[in-house]
Structure formats: C-alpha cells, structure tokens
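Novice: Just so you know, the sequences run in chain order A and G.
Its first residue numbered 1, the first sequence is counted upward by one per residue in my numbering.
Its first residue numbered 1, the second sequence is counted upward by one per residue in my numbering.
Calculated from the structure, these hints are not laboratory results.
Every residue gets a Cβ at the ideal spot worked out from N, C-alpha and C, and that includes glycine.
Be aware that one or more of the hints could be misleading.
[Claimed, not checked] Here are some of the chain A residues that sit facing chain G, going by a computed Cβ distance under 10 Å:
{"id": "1", "residue": "L3"}
{"id": "2", "residue": "I21"}
{"id": "3", "residue": "V60"}
{"id": "4", "residue": "W64"}
{"id": "5", "residue": "T81"}
{"id": "6", "residue": "Q90"}
{"id": "7", "residue": "E100"}
{"id": "8", "residue": "F101"}
{"id": "9", "residue": "G103"}
[As the list claims (entries may be wrong)] Output of the computed footprint for chain G on chain A, the stretches with three or more beta carbons under 8 Å from beta carbons of chain G:
{"id": "10", "segment": "44-54"}
{"id": "11", "segment": "161-174"}
In case you want the letters, here they are:
2 protein chains.
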Amino acid sequence: MALYAESLQNLIDALNRLPGIGPKSAERLAFHIVKMRDDDRKLLTKHILEVKDRIKKCAVCGQWNSSSPCKICLDEKRDRTLIGVVAETQDLAAIERTGEFWGVYHVLGGVLNPLTGVTADDLNINGLLNRIKNSEPPIVEVIFALNPDVEGETTILYLAKLLRPLKIKLSRLARGLPLGADLEYADEVTLGDALKGRRSI
Amino acid sequence: MALYAESLQNLIDALNRLPGIGPKSAERLAFHIVKMRDDDRKLLTKHILEVKDRIKKCAVCGQWNSSSPCKICLDEKRDRTLIGVVAETQDLAAIERTGEFWGVYHVLGGVLNPLTGVTADDLNINGLLNRIKNSEPPIVEVIFALNPDVEGETTILYLAKLLRPLKIKLSRLARGLPLGADLEYADEVTLGDALKGRRSI
Chain A
1 MALYAESLQN LIDALNRLPG IGPKSAERLA FHIVKMRDDD RKLLTKHILE VKDRIKKCAV
61 CGQWNSSSPC KICLDEKRDR TLIGVVAETQ DLAAIERTGE FWGVYHVLGG VLNPLTGVTA
121 DDLNINGLLN RIKNSEPPIV EVIFALNPDV EGETTILYLA KLLRPLKIKL SRLARGLPLG
181 ADLEYADEVT LGDALKGRRS I
Chain G
1 MALYAESLQN LIDALNRLPG IGPKSAERLA FHIVKMRDDD RKLLTKHILE VKDRIKKCAV
61 CGQWNSSSPC KICLDEKRDR TLIGVVAETQ DLAAIERTGE FWGVYHVLGG VLNPLTGVTA
121 DDLNINGLLN RIKNSEPPIV EVIFALNPDV EGETTILYLA KLLRPLKIKL SRLARGLPLG
181 ADLEYADEVT LGDALKGRRS I
C-alpha cells in the first residue's frame, strides 16, 4: 500500500529531483506546499514559470540577467582589460558582493566533469577565446575564479593551456585558510597552500 | 545595482520562504529551475498546483491522503482499540515504514508551540476526544508518538492531563540511544533515559 496519495507522491518525487533536496526535505516541502494559502501557491508557480521567459543570457559574458548585453558588460566604469572567469552566474554574484573586483566577467556555464559528461564543447569557451582575441582595449589579465575542487582545477588547467599562447597574464584565486578556520582541523593541502602563499606583514 | 534580474530574485525569494531552504539553496534551486527543460518546469508547477485539489484530510484521523476516510481508517485488519497520536502526516508515514504498528492513527496537525502561536484550538484535539469517547470497540491504549523536544513533551503533558479521566492506557515512544550512537557523545538526558529504560537480555 502506497503511503501517500498519488498527487502528493508526484510532488515529493518532483521536489526530490531538485539539487540538494533529499527525500526527507522533499516530504517536508510537499506538506508545506499542501498547507500554503492558495494565493501563495499560485505565486510560487508563477515565479517558477516566468523566470525563464523574463531573463536573458548575456551575449557577451554569458550570465543570466534581465538584459543582453548585461549591465556589467555595458558599464563604462568597469576595467575591460580584466576578465574574471566563473562557472555560473551565482559565482559572479558572489564575487560582486565582495566589492573587490572591478573587471568584467565570463560565465562558462559549468566546469569540465567527465562523470556528468560535461565536455569543453558544453562550456562557453569559444566565446571566451573570441572575446580575448577581438577585445579592444586588449585583455591584460584573466582571473580564473572557479571552485578549488577536482573539476575546477581540471578546468583551470585546460583553459590555461588554451590561453597560454595568447601571452596574457593568467591568475587564479588564492588558496589558504578561510576566515575563522582552525589550524588543527585544516586539511594538509589547504594548510600547505596557506604556507606557500604566506604574505609578509 | 541589484545582482539578479527581478524575475530571478522573485523566484529566489519565494523559494527562500520555504522551510529548510536558506538563501544559498534558494539561489542554487532557482538557477536549476532556469536551466530545466520547459516540460519539466511545467510538470513541477502542475504538481505544486494539483497537490491540494487531489488530496483530502481524512475526517476520522486527520491525515492527508487520497480519500476520506483514509485507507488505514477503513482497514478492517487494523486494531481499532489502539490509537497512535502523531503531529503530522509524515510522522504517520515514518511509523508505517517501521511495520511495527498495527493500530490506527490520529494526526494532530502540529504540536503546541507558544512561540509560533499554536494553541490547543489549532490542533485536532476535540476530534481525538470524540473518537475516544464514541469508539466501538472502546479504545484500550493511546500511544503518543511526538518528537522528543520541548514542544512535543508539552503537548504530551497537555493531552495526558486531558485523557487521564478516561481511564485508558496512555504511553509514549521510548527514549534512549539511537542505533549506531556513540555513548561518549550522547547527551546526559538521552543517556539517563536509556539507563532508566534498560531492558533485561
């Protein structure tokens, strides 16, 4: 005997397919949705349906935003000789929140991942090459701001090999101890990176 | 300058209001929804909109399921002298999965919580009293299967006081060490309960 009504189980299954939502969270969300006011439930589905129609992928940098070219690509005050390469639009948002980056971005749309079948053809790499080759003013530096994990590192190596002949400065985010970290619990790679990248004070 | 397009921010905000979805998860889910196939996105909203119309609250036990009375309340093989009192339908499902309960259920629809303003009037307590008073065969035992936290304990105390005059057996789930627990890390209340409730072998 099925534990839940069919429509409820359908919703639980659909929520369970979303990233980061396990079976228990899906159950909890589904019951919350059951108890929501009708208006709120309609509003939620309206937002889900409208999101794609109302946003555009910027033809220059590849980020999802309200216009193409996006506001950042059109912003005259940005340093167009400096490109920050990120995997996804939310990584761009994370860097914008630091207030420490004044260049423009390039969103790859993912990272190389043989397990999930993401190859170089699936990423916005040709766009990056064309941008660098045709840029006026010429690009001075490309900063790879990808996650410090296997996929991110692989993607950096791949792109660095591709861009090396263009004779521009290539850099990556510093690795080291995050704020508030505990030396005792830091893994040896991170601690080694923090040592190698030590700064004079 | 807003980081995200309005429609994207609307979706992130709507997802962020769901239980257990923080700002970062909401961002991640929103971008997943942007990248979903149109069909899948429509299906998700269909499930969200349909769930409420297609399920009913059982008039007997109060659980959300496809019919009222629900299949469990109609099941002749169930022991109708034994009522398991749970807070929500998902708790009922959790107990059903154990295969260790053969009685019927009563879903309160929550627990007493002064912080969120849930009082006895908001819970399906009168339904429980009427069921017990009018039950044929008469109820022999009521098992409180509520979470072992402050709200659950308060609700058990409140209901026990209410049901005591009816002279039926009242019981609660055992507290003790969960399977795979580590004595060293168990809190003193749990360990004390495990000692008091020790079983001869």
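Novice: Does the structure break any of the earlier hints, and which numbers would those be?
Specialist: Of the numbered hints, 3, 5, 7, 8, 9 and 11 do not hold.
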